[in-house]
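> Take a look at the letters that make up each chain.
Protein chains: 2
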Amino acid sequence: MSKIVNVKFNVKHYKYDKPFHITGSISSETRNVEVEVTLESGAKGYGEAAPSFRVNGEKVEMITALEAFVRDLLVGLDVRQYRKIFEITDKLFAVPSLKAAIQYAILDALGEETNIHVYQLLGGALKEIETDKTVGIDTIENRVSEAKKIFDSGFRVIKIKVGENLKEDIEAMLEIYKVTKGAKYIVDANMGYTPKQAVEFARQVYKAGIDIAVYEQPVVWSNVEGLKFVRFHVHFPVAADESAKTKFDVMRLIREEAVDYVNIKLMKSGISDALSIVELARSANLRLMIGCMSESSVGINQSVHFALGTGAFDFHDLDSHLMLQEPEFRGKFIQSGAKMIGY
Amino acid sequence: MSKIVNVKFNVKHYKYDKPFHITGSISSETRNVEVEVTLESGAKGYGEAAPSFRVNGEKVEMITALEAFVRDLLVGLDVRQYRKIFEITDKLFAVPSLKAAIQYAILDALGEETNIHVYQLLGGALKEIETDKTVGIDTIENRVSEAKKIFDSGFRVIKIKVGENLKEDIEAMLEIYKVTKGAKYIVDANMGYTPKQAVEFARQVYKAGIDIAVYEQPVVWSNVEGLKFVRFHVHFPVAADESAKTKFDVMRLIREEAVDYVNIKLMKSGISDALSIVELARSANLRLMIGCMSESSVGINQSVHFALGTGAFDFHDLDSHLMLQEPEFRGKFIQSGAKMIGY
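Those sequence lines, one after another, are chains A and B.
Just so you know, the first sequence maps onto residues 1 to 343 in this note's numbering.
Just so you know, the second sequence maps onto residues 1 to 343 in this note's numbering.
Accuracy of the hints is not assured; some may be wrong.
A pair holds if it fits inside one copy or across any two, identical chains being indistinguishable in the list.
[As the list claims (entries may be wrong)] Think about it this way: if two alpha-carbon atoms lie no more than 30 Å apart in a straight line, the pair counts; the simulated BS3-like pairs of lysine-lysine are:
1. Lys196 <-> Lys59
2. Lys84 <-> Lys127
3. Lys84 <-> Lys332
4. Lys167 <-> Lys178
5. Lys84 <-> Lys44
Hints are computed from structural coordinates only; laboratory data are not their basis.
In this text, all values refer to a predicted model and were calculated from it rather than measured experimentally.
Could you build all of it, start to finish, from the sequences and the hints given here?
This is the structure in structure tokens:
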């Protein structure tokens with residue numbers, strides 16, 4: 001009864017509340033692909049791909065073009081053999097957001113079929129997590145007022161995008177600190193700095209008495225030596241995001257001792273590699289955070305269940321759905337302010 | 001309904017069909033500890049600890065002494081939070097066979113409660129696996145006749161214990177080969193050789209035209225450099241067994257490039273570290289086999305489900321129950337000759 005009988009793709013269009021500006025990219029809308037898996041029993045599982053050209057080299061057209069191929073790949077397989085399906089879909093490494101959506105839809109269908117929540121299938125480690133919220137790149141004035149708004153609305157972890165203008169970034173950080181004391185900060189340069197700029201930013205911020213909980217991807221993804229340089233020259237924990245897509249990437253980062261943290265995103269790794277990275281981190285004393293691309297509540301749901309199930313993350317940066325205009329909330333969890341609660 | 005209401009330990013005594021001789025140890029019996037977990041619903045889960053003093057430093061008395069402590073630790077926890085229970089029981093690292101038994105009993109109870117076989121909870125990658133069978137240390141004549149008997153009864157992978165007498169080991173290997181052509185061989189020295197003796201054994205066997213599929217733990221567990229020396233001086237893949245107990249051990253072996261294979265045993269690692277090691281192997285292109293201590297069919301059942309679920313192993317060395325005198329077979333799988341089949 002748990003054999004897959006159909007797979008459907010569904011393109012969804014979402015607008016951002018306001019343009020979202022990070023190093024090298026301004027988004028005002030996103031097109032995501034929902035994957036619907038139907039079982040013999042009639043049970044359905046849902047996943048969402050939020051493709052990222054910037055990070056993964058993916059375009060939504062590449063994904064939709066694969067609908068018939070994916071249907072042929074999956075129809076007839078049994079979701080109770082999910083590790084086998086993971087192995088088959090690991091071959092979709094050129095479109096990792098699709099791999100993620102399919103792998104999650106399989107778990108979702110298995111959960112529906114067996115009446116177990118996906119976060120319980122994955123281990124049920126936690127009942128709730130708390131997300132940060134993000135301040136995009138903007139004028140200093142706007143960055144400060146956005147940070148204050150986020151803090152005043154109850155978020156206690158604020159993510160700050162930097163990387164396009166070192167001087168303004170330092171100034172913005174110092175000003176944000178003044179109006180959000182007590183918050184924790186994740187600073188994300190999205191590959192925008194040179195290693196020495198990255199060290200300079202951290203040094204100035206440290207001198208001002210500000211602590212940064214995680215300093216994300218200061219330098220370009222391919223510069224692993226640069227990441228290591230920053231790691232060993234700044235006071236704050238350094239994280240790989242764009243440098244850490246697959247389990248093989250993370251194994252290399254571990255071998256080279258390049259980072260303190262990895263930011264897992266299902267859209268980069270799928271469920272299968274994300275599970276590997278969780279175990280790599282546990283074995284190498286690496287810390288983890290979990291992030292997102294431009295997922296709606298359907299896609300964020302995937303990461304919430306993954307995080308609740310594995311309990312592997314110090315920080316949860318799962319706020320994209322809070323920035324998108326959605327007709328209805330479709331997560332299988334409760335969003336209550338910064339909190340995300342399993343039921 | 002899936003909360004734990006009771007935990008019971010049960011000591012079981014099993015005799016070997018005949019004394020089982022490996023480097024530094026001859027066993028004629030074993031005392032294992034069964035762990036029975038009862039849920040609110042009445043569902044029960046079973047695990048088995050087969051303690052190994054030689055490998056883990058454990059004695060059965062240490063384990064039984066912990067019954068009340070473990071009951072207090074577990075009662076009230078929900079098996080749907082199995083990752084949380086894994087984390088709690090990871091603290092039992094001084095008695096890893098008990099950790100394994102508890103962690104498996106949790107999964108077994110969850111499976112009973114939800115009507116999902118444990119191997120499906122773990123991913124359902126395979127429907128069947130095939131075990132090897134082992135030739136212990138003995139006179140050359142007896143080793144050869146035992147190997148022939150194993151081969152003639154349908155096993156196609158033969159494990160050969162060596163490590164106490166280099167000259168006799170080489171002679172036995174050459175003679176066994178003559179009567180079992182077509183078989184694959186796993187050779188296990190159980191730490192008995194020096195690095196140079198290990199190379200000598202492999203060189204002589206190679207010169208005789210014999211292929212060894214896996215060359216297990218040629219040198220003492222603490223000699224990681226020695227393992228690496230053997231790895232880079234012999235033609236055959238070298239495996240760590242006694243050197244690879246925890247995920248941290250395996251991470252070190254990977255960093256040092258010391259081995260081609262790891263032999264996972266639940267009795268050394270529990271379910272939690274075994275899951276980590278599976279993902280480490282996938283990320284570092286390490287190969288895996290799965291082995292056992294002196295488990296009865298209750299304990300072997302754990303490894304069969306783990307192997308079927310993850311699909312992670314090239315070789316399955318799960319034959320201890322075939323060497324023990326058991327009143328009844330209690331595995332939740334079908335044993336058919338060398339085959340072990342999930343249902």
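> Which hints, by number, does the structure contradict?
Per hint list: single violation, 1.
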